[in-house]
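Whole structure, please, built from the sequences with the hints as guidance.
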Amino acid sequence: MVLVLRTLYMETTRTPSLVKSLNLNTNSINIHNRSRASFFCSNSSNGTSASDCARSIDCGISMVQGASRGIGLEFVRQLLENQDKGHVVATCRNPNGAVSLQELKNKFPERLNILQLDVTDESTIEASAKSVQERYCSLNLLINATGVLSLPGVLQPETTLSQVEKSALLLAYEVNAVGPILVIKHMWPLLKKGGGSGTRRDVAVVANLSSRVGSIGDNLLGGWHSYRSSKTALNQLTKTVSVEFGRKKDPIACILLHPGTVDTDLTKPFQRILCSEAPRHHQQREEL
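Be aware that the sequence shown starts at 1, since it is given in the numbering used here, and climbs by one per residue.
Be a bit skeptical, because a hint or two may be false.
Keeping only pairs whose Cα atoms sit at most 30 Å apart, straight-line, the calculated DSBU-like set for lysine-lysine is [stated by the list, open to error]:
{"#": "1", "residue 1": "185", "residue 2": "166"}
{"#": "2", "residue 1": "85", "residue 2": "185"}
{"#": "3", "residue 1": "130", "residue 2": "248"}
{"#": "4", "residue 1": "130", "residue 2": "107"}
{"#": "5", "residue 1": "185", "residue 2": "239"}
{"#": "6", "residue 1": "249", "residue 2": "239"}
{"#": "7", "residue 1": "107", "residue 2": "166"}
{"#": "8", "residue 1": "166", "residue 2": "239"}
{"#": "9", "residue 1": "185", "residue 2": "105"}
{"#": "10", "residue 1": "130", "residue 2": "185"}
{"#": "11", "residue 1": "248", "residue 2": "185"}
{"#": "12", "residue 1": "105", "residue 2": "130"}
{"#": "13", "residue 1": "185", "residue 2": "249"}
{"#": "14", "residue 1": "249", "residue 2": "130"}
{"#": "15", "residue 1": "249", "residue 2": "85"}
{"#": "16", "residue 1": "130", "residue 2": "166"}
{"#": "17", "residue 1": "105", "residue 2": "248"}
{"#": "18", "residue 1": "105", "residue 2": "85"}
Now the in silico label distances, taken between C-beta atoms and shown as ranges [stated by the list, open to error]:
{"#": "19", "residue 1": "102", "residue 2": "189", "range": "38 to 44 Å"}
{"#": "20", "residue 1": "85", "residue 2": "247", "range": "30 to 36 Å"}
{"#": "21", "residue 1": "236", "residue 2": "131", "range": "25 to 31 Å"}
Since the hints were made in silico from the structure, they are not lab data.
Glycine is no exception: its CB is placed at the ideal position from the N, C-alpha and C atoms.
Set out below in structure tokens:
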């Protein structure tokens, strides 16, 4: 199943309220925050019963990739605070520098496991998968929340074709599209083992944080070539994965989340511009 979450209104949403509105712990995925969803059905294999993994029987195992700040950090917080037993694996490039994540670790020392993972380095993805296998044996939920929109002196949202640079395009693709699909690749065996065991869901879930600007049909303003096309690639890769999963026996849900413009470090340089333009572009407004 591929679910596309689309926010209907141009607004800057506070991260905690957004994440609370995405209930990933029920059999049906509840959507609030003035949103709608489209569904495409698929299935996936579950080659090994989750009952073989003792640690997964009485509690769900969730992994949030890109968890040091923003939406990823808030997913970690909500998963820990809204579950009594569930364990969370939080990954980021620099765990020692992730102050807010370390604070959560101090609060939930037995239930939060922080791992180093850089989506531009596949060896760290493999190492994380091995660590999860050794400690938990399976996964029930994988959230890919990493993303890059701008980096000073390296990547800026383009407003015209003449600003497009190969290095910026490749970086956006590597972080926003290639990285998440490689994470799914290496976590897939763990998700097949986990299924919905220990949760109130029937199936394991893969959730990729996408964006409305990745829509081809909804592209009315142009610009943002690197970010926009990298999210389009992520959407296609997620759909392609769901088709492959659909040829298998037991279900895994593949989800694309469009949160709208959320108050995070990623959007701060652009919030004022986007919000001021929204009334003038009622039919053409863009959201991150």
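>> Tell me the numbers of any earlier hints that the structure contravenes, in ascending order.
In response: Failing hints, ascending: 7, 16, 17 and 19.
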